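S.K.: Sequence:
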Amino acid sequence: MSHLLRNTLAYATIASATVGFGALSTALSVLSLGRNHGTKAVAKAWGHTVLAASGVRYVVRGLDRFDHDRQFIIASNHQSLLDPPIVLCAAPQKVRFVAKRSLFHIPIFGQAIWAAGNVPIDRRRSEDATRRLEELGRRVGKDLSILFFPEGTRSVDGSLLPFKRGATMMALQTGLALLPVAVAGTAALLPKGARSLKPGVVGVAFGEPIEVAGCDLPDREALTNELRTSVERLMAEAEEARVGA
0 MSHLLRNTLA YATIASATVG FGALSTALSV LSLGRNHGTK AVAKAWGHTV
50 LAASGVRYVV RGLDRFDHDR QFIIASNHQS LLDPPIVLCA APQKVRFVAK
100 RSLFHIPIFG QAIWAAGNVP IDRRRSEDAT RRLEELGRRV GKDLSILFFP
150 EGTRSVDGSL LPFKRGATMM ALQTGLALLP VAVAGTAALL PKGARSLKPG
200 VVGVAFGEPI EVAGCDLPDR EALTNELRTS VERLMAEAEE ARVGA
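In numbering that gives the first Met the number 0, the protein residues as written are 0 to 244.
Calculated directly from the structure, the hints in this document are not laboratory data. Predicted model only: the values in this text are computed from it and were never measured. Certain hints may be false.
Derived SDA-like pairs (lysine to any residue); straight-line CA-CA distance at most 25 Å [to be verified]: (1) Lys-191 / Gly-213; (2) Lys-197 / Gln-70; (3) Lys-163 / Gly-213.
With beta-carbon atoms standing in for the labels, derived distance ranges [as the list claims (entries may be wrong)]: (4) Gly-174 / Ser-1: 49 to 55 Å; (5) Thr-12 / Gly-243: 24 to 30 Å; (6) Glu-207 / Val-18: 21 to 27 Å; (7) Leu-8 / Leu-216: 28 to 34 Å; (8) Ser-158 / Pro-91: 25 to 31 Å; (9) Asp-68 / Gly-192: 28 to 34 Å; (10) Ala-212 / Gly-192: 38 to 44 Å; (11) Ser-101 / Glu-207: 29 to 35 Å.
Glycine residues also receive a C-beta, built at the ideal position from the N, C-alpha and C atoms.
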């Protein structure tokens, strides 16, 4: 099969799945009065469909490092648009993610991720970002983890960018532990600015939770630095898992 034909079929499948699962998420959200009951299975089914259509499979390390019955503020590095479905599928919890508002303006995709309960943030407007994070903090329930990409944008060369403090602030607000995660290999399959999908293997590594009990606002800088150090260390482990797959 030619590269062009494979990409055409992949994007057609992804678009169809996004429309279908997005409509289902919307219906479930309406029927459950906004509580998004049943959307975990729908979101994971959408993620697995996207990855299968893209020819991407993933290997995971570190799932034994934390209690699967707990909820977390998950923080991952960010290299590609493939990262959200990868982490969504790899994490055992129900996950919603925080993303820049422009992603929600992408036709079909934007409507689908909004219907699934994910949260847009306009980082150019600090008041809007603060309000959205406060709303999200109130929505965090006993069965919901929140995924942040603290770099705030995709890395062009794969190196880890400085972390913004949104994930740490959310952890302090909710009392949920921070869970560092690293993804390796997505930049080679769909780098920033590219439209052509490449099949391949991605590595995912989950780290030890960073507890925030007893911490307060003055600790946010130290917690953010600890989180970034953990993610940076996990990037090597994720790459090792990818290469060994």
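S.K.: Return the numbers of the hints above that this structure violates; sort them in rising order.
M.R.: When the structure is compared with the hints, numbers 1, 2, 6, 7 and 9 turn out to be violated.
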